[in-house]
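Q: The chain contents come next:
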Amino acid sequence: DVKVTQSSRYLVKRTGEKVFLECVQDMDHENMFWYRQDPGLGLRLIYFSYDVKMKEKGDIPEGYSVSREKKERFSLILESASTNQTSMYLCASTRGGALSGANVLTFGAGSRLTVL
Amino acid sequence: GENVEQHPSTLSVQEGDSAVIKCTYSDSASNYFPWYKQELGKRPQLIIDIRSNVGEKKDQRIAVTLNKTAKHFSLHITETQPEDSAVYFCAARHGNQFYFGTGTSLTVIP
Numbered sequence: 001d002v003k004v005t006q007s008s009r010y011l012v013k014r015t016g017e018k019v020f021l022e023c024v025q026d027m028d029h030e031n032m033f034w035y036r037q038d039p040g041l042g043l044r045l046i047y048f049s050y051d052v053k054m055k056e057k058g059d060i061p062e063g064y065s066v067s068r069e070k071k072e073r074f075s076l077i078l079e080s081a082s083t084n085q086t087s088m089y090l091c092a093s094t095r096g097g098a099l100s101g102a103n104v105l106t107f108g109a110g111s112r113l114t115v116l
Numbered sequence: 001g002e003n004v005e006q007h008p009s010t011l012s013v014q015e016g017d018s019a020v021i022k023c024t025y026s027d028s029a030s031n032y033f034p035w036y037k038q039e040l041g042k043r044p045q046l047i048i049d050i051r052s053n054v055g056e057k058k059d060q061r062i063a064v065t066l067n068k069t070a071k072h073f074s075l076h077i078t079e080t081q082p083e084d085s086a087v088y089f090c091a092a093r094h095g096n097q098f099y100f101g102t103g104t105s106l107t108v109i110p
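Line by line, the protein sequences give chains A and B.
Count the first sequence with the numbering used here and you get residues 1 to 116, in order.
Count the second sequence with the numbering used here and you get residues 1 to 110, in order.
No lab work stands behind these hints: they were computed from the structure.
We treat Cβ as the ideally placed atom computed from N, Cα and C, and that holds for glycine.
Please note: incorrect hints may appear among the correct ones.
[As the list claims (entries may be wrong)] Just the calculated beta-carbon pair ranges, DEER-fashion:
| # | chain 1 | residue 1 | chain 2 | residue 2 | range |
| --- | --- | --- | --- | --- | --- |
| 1 | B | E39 | A | K57 | 41 to 49 angstroms |
| 2 | B | P8 | A | M54 | 48 to 56 angstroms |
| 3 | B | G16 | A | L116 | 41 to 49 angstroms |
| 4 | A | G96 | B | T10 | 30 to 38 angstroms |
| 5 | B | T69 | A | E69 | 30 to 38 angstroms |
| 6 | A | S7 | B | L40 | 16 to 24 angstroms |
| 7 | B | G55 | A | V104 | 16 to 24 angstroms |
| 8 | A | K18 | B | Q60 | 41 to 49 angstroms |
| 9 | B | S26 | A | D38 | 18 to 26 angstroms |
| 10 | B | T10 | A | R112 | 20 to 28 angstroms |
| 11 | B | S28 | A | L41 | 18 to 26 angstroms |
| 12 | B | P8 | A | E22 | 33 to 41 angstroms |
| 13 | A | K53 | B | S9 | 14 to 22 angstroms |
| 14 | B | S18 | A | E17 | 43 to 51 angstroms |
Just chain A, same shape as in the assembly:
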């Protein structure tokens, strides 16, 4: 019962290409997140969204943008990919506010991006 789906598990792109990473959740969650995971650095927040068309920068937003046109879908965009963006990208979602379950992050399977 996969609840957070990332469309691409593995991508190989060239420097300068535009890259789209898609994430879809079927739990009607308000909050969605994009993290980057690198060895020894843990999970670092790139952007998050607490509602449709709303977004907030995380700790490392440089070089990334996001789009949330529908509640269930949160896209991460690399306008011009660079080699230092080679990484594992994890999408996650939670319920919003103080609702039960608001604290539980549900992760997608991850998208491993290699930029050559």
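Dock chain B against chain A, hints included.
A: Structure of chain B alone, referenced to chain A:
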């Protein structure tokens, strides 16, 4: 923002021994502290969590303790088994955001 530090980065224990992973956080406004387990090639999964108004929580072989005054929390795994081998992440929730530690790679030696 919040800063979460996690130690050790790697930990090896013999099967049956206990494992302890420690985290500190910087912002006293953080109010929820989950622990995630990530097996090789898989997504992180929540294994246990604790709220700021609780000092300790147990679930079978795993437990989490929280010291709000010192701003640190720990994960304790007793009677470790080979299937406990994974990377463990602590996190702190501050507002709508979750801040993660850098992870601990636990190896349980049969």
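Q: Taking the hints in turn, state whether each one holds.
A: Status of each hint after checking the structure:
1. For B/E39 and A/K57, the Cβ-Cβ distance of about 31 angstroms falls outside the hinted range of 41 to 49 angstroms, so the restraint is violated.
2. B/P8 and A/M54 have their C-beta atoms about 38 angstroms apart, which leaves the hinted 48 to 56 angstroms range violated.
3. Checked against the hint of 41 to 49 angstroms, the pair B/G16 and A/L116 passes, with Cβ atoms roughly 46 angstroms apart.
4. Against the hinted window of 30 to 38 angstroms, the Cβ-Cβ separation of A/G96 and B/T10 comes to about 36 angstroms, which satisfies the hint.
5. Between B/T69 and A/E69 the beta carbon distance is about 45 angstroms. The supplied range of 30 to 38 angstroms is therefore violated.
6. In this structure, A/S7 and B/L40 meet the distance hint of 16 to 24 angstroms, their C-beta atoms being roughly 22 angstroms apart.
7. Roughly 21 angstroms separates the CB atoms of B/G55 and A/V104, a value that falls within the hinted 16 to 24 angstroms.
8. The hinted window of 41 to 49 angstroms between A/K18 and B/Q60 holds, with their beta carbons roughly 47 angstroms apart.
9. Range check, B/S26 to A/D38: about 21 angstroms between beta-carbon atoms, so the 18 to 26 angstroms window is met.
10. Separation of B/T10 from A/R112 is about 22 angstroms and conforms to the stated range, judged on CB atoms against 20 to 28 angstroms.
11. At about 25 angstroms, the CB distance of B/S28 to A/L41 agrees with the hint of 18 to 26 angstroms.
12. Between B/P8 and A/E22 the beta carbons are some 36 angstroms apart, a value that agrees with the proposed interval 33 to 41 angstroms.
13. The supplied range of 14 to 22 angstroms is broken by A/K53 and B/S9, whose beta-carbon atoms lie about 39 angstroms from each other.
14. Taking 43 to 51 angstroms as the suggested C-beta distance range, the pair B/S18 and A/E17 conforms, at roughly 48 angstroms.
Violated hints for the displayed structure, listed by number in ascending order: 1, 2, 5 and 13.
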